[in-house]
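Listed below, chain by chain, are the residues.
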Amino acid sequence: MQDERVSIEHEADIVTARQKARELAAASGLSRTEQTLIATAISEVARNIVSYARRGEVVLALLEDHGRHGVLVVATDEGPGIADPELALKDGYSTSSSMGMGLPGARRLMDEFELETAVGKGTKITMRKWSR
Amino acid sequence: MPVPILKQGDVLIAFIQAALTDKDLVRFRDELGEAVGRWRSRAVVIDVTALDVIDSFATRTVRGIAHTARLRGARTLVVGIQPDVAFAMVQLGLTLEGVTTALDLEDGLALLEEGGQRGSSDAR
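From first to last, the protein sequence lines are chains A and B. So in this note's numbering, the last one in the first sequence is 132, and the numbering has no gaps at all. So in this note's numbering, the last one in the second sequence is 1124, and the numbering has no gaps at all.
Isolated chain A (complex conformation) (with noise of 0.2 Å):
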């Protein structure tokens, strides 16, 4: 299978990055779980787009390491950015009126979590989840 690359401009797009995540994640061996941990980062994610950048993309690759699989998921945009990387890893810390669950929550639902960001120039999160 390719890469599946969705742009992420509208909130319906948050649903198609999802779907697709999902049959990537089934097309890898990953389990119903993995599946909805991956699917659910991926909400997170794309919906800070759509909240804080307007628009972004989404690419899911597939992932082999020895044998194990997994699901790569890199959400870039090039929004705002984040003056506070740190800051916006803390549970409960959001500039919007949501709960500031999203990217720390995302961190914890997946294995690897990089984010990368420049204020004025964008955002760029890299996530990694293997099967079990």
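Be aware that one or more of the hints could be misleading.
[Stated by the list, open to error] Now the in silico label distances, taken between C-beta atoms and shown as ranges:
| hint | chain 1 | residue 1 | chain 2 | residue 2 | range |
| --- | --- | --- | --- | --- | --- |
| 1 | B | Met1001 | A | Arg54 | 19 to 29 Å |
| 2 | B | Ala1110 | A | His66 | 42 to 52 Å |
| 3 | B | Arg1038 | A | Gly120 | 43 to 53 Å |
| 4 | A | Glu112 | B | Ala1050 | 29 to 39 Å |
| 5 | B | Glu1113 | A | Gln2 | 44 to 54 Å |
| 6 | A | Leu63 | B | Gly1073 | 48 to 58 Å |
Just so you know, the hints here were simulated from the structure itself, not pulled from any lab data. These numbers were taken from a predicted model, which means no experiment stands behind them. Backbone N, C-alpha and C define an ideal beta-carbon position, used for all residues, glycine too.
Got chain A sorted already, so can you dock chain B onto it with the hints?
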């Protein structure tokens, strides 16, 4: 995609479908608040069996719907949270404070008939 709301006696049953957008959920909240008054409903059951993802936005919306219905004088039950969805919600740190939950629609309706003496009145 509108959320179907079914009237059964003094209970309203709403089936939340998979792949609802945020706008659908917000519209559903507004329609339900109105429907409780129109039908003079005593209880609202929100069936989320079909939801394969409940993220922070969906949780906040469901909580808002439940609280809105309660302020309109109706008990609200959320039924059918799938096991993997429940697990993801726990990982995310999401809670449905003050919202009664039941395993499925059947269990939820039974709970209402018993007058809610049983089960978790506070799904904290």
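Okay, the hints, checked on the actual structure:
Hint check: methionine 1001 of chain B to arginine 54 of chain A, Cβ distance near 24 Å, so the stated range 19 to 29 Å holds. Judged by the Cβ atoms, the range 42 to 52 Å given for alanine 1110 of chain B and histidine 66 of chain A holds: they are separated by roughly 50 Å. The beta-carbon spacing between arginine 1038 of chain B and glycine 120 of chain A, approximately 50 Å, falls within the hinted interval of 43 to 53 Å. Separation of glutamate 112 of chain A from alanine 1050 of chain B is about 31 Å and conforms to the stated range, judged on CB atoms against 29 to 39 Å.
At about 53 Å, the beta-carbon gap between glutamate 1113 of chain B and glutamine 2 of chain A stays in the expected band of 44 to 54 Å. Evaluation of the 48 to 58 Å hint for leucine 63 of chain A and glycine 1073 of chain B yields a pass: the beta carbon distance comes to about 52 Å.
The earlier numbered hints are all upheld by this structure, with none contradicted.
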